[in-house]
Amino acid sequence: MTGDEVLEGRSAPPAAATVSFQELAEDEPPGALVSFVGEIDLGTAPALGETVLRRTIELPAVVLDLSAVTFLDSAGVRLLDSLVGAYESRGSTIRLVAPEHGVARFTLTLCAFRSDLVETSVDRARDTLLS
4 MTGDEVLEGR SAPPAAATVS FQELAEDEPP GALVSFVGEI DLGTAPALGE
54 TVLRRTIELP AVVLDLSAVT FLDSAGVRLL DSLVGAYESR GSTIRLVAPE
104 HGVARFTLTL CAFRSDLVET SVDRARDTLL S
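Sequential numbering from 4 applies to the sequence shown in the working numbering.
Calculated directly from the structure, the hints in this document are not laboratory data.
All C-beta atoms, glycine included, are put in the ideal place defined by N, C-alpha and C.
Warning: the hint list may mix true and false statements.
[As the list claims (entries may be wrong)] What follows is a list of derived Cβ distance ranges for each label pair: (1) Ala19 / Ser134: 32 to 42 Å; (2) Arg117 / Asp76: 34 to 44 Å; (3) Phe109 / Glu29: 29 to 39 Å; (4) Asp130 / Pro49: 30 to 40 Å.
Hey, can you work out the whole structure from these sequences and the hints?
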């Protein structure tokens with residue numbers, strides 16, 4: 004749904020989260036850097052997940068950058084867990100970026116999310132893809 008669409012005679016609210024895609028550098032494995040901005044919650048997680056999988060599921064390496072996430076609830080954590088499962092079942096490598104004092108890191112730590120997949124910066128995540 005876009006901000007221009009109408010729902011029951013009203014304009015739809017602007018999206019609370021966005022996602023952008025960038026190819027990894029040439030010296031890295033073929034893959035994508037997926038950057039999330041805003042809130043990942045029950046209202047945004049399903050559409051975000053569908054978009055991310057559609058664009059990246061065939062890639063051998065994916066970095067999910069959560070640095071600009073301002074809110075992450077249990078639906079967002081389930082989304083991340085689902086993405087990890089989808090990539091790993093296909094043999095892809097995945098890393099999440101969540102800075103030490105960021106919202107996403109706090110929630111992932113609280114939920115005991117797999118720390119072996121979480122890095123503090125995009126550079127560190129890229130480095131682990133090369134090792």
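To see whether the hints hold, each was checked on the structure:
no. : hint                       : result
1   : Ala19 / Ser134: 32 to 42 Å : holds, 35 Å
2   : Arg117 / Asp76: 34 to 44 Å : violated, 18 Å
3   : Phe109 / Glu29: 29 to 39 Å : holds, 34 Å
4   : Asp130 / Pro49: 30 to 40 Å : holds, 32 Å
Figure legend: structure checked against the earlier numbered hints; the only hint not met is number 2.
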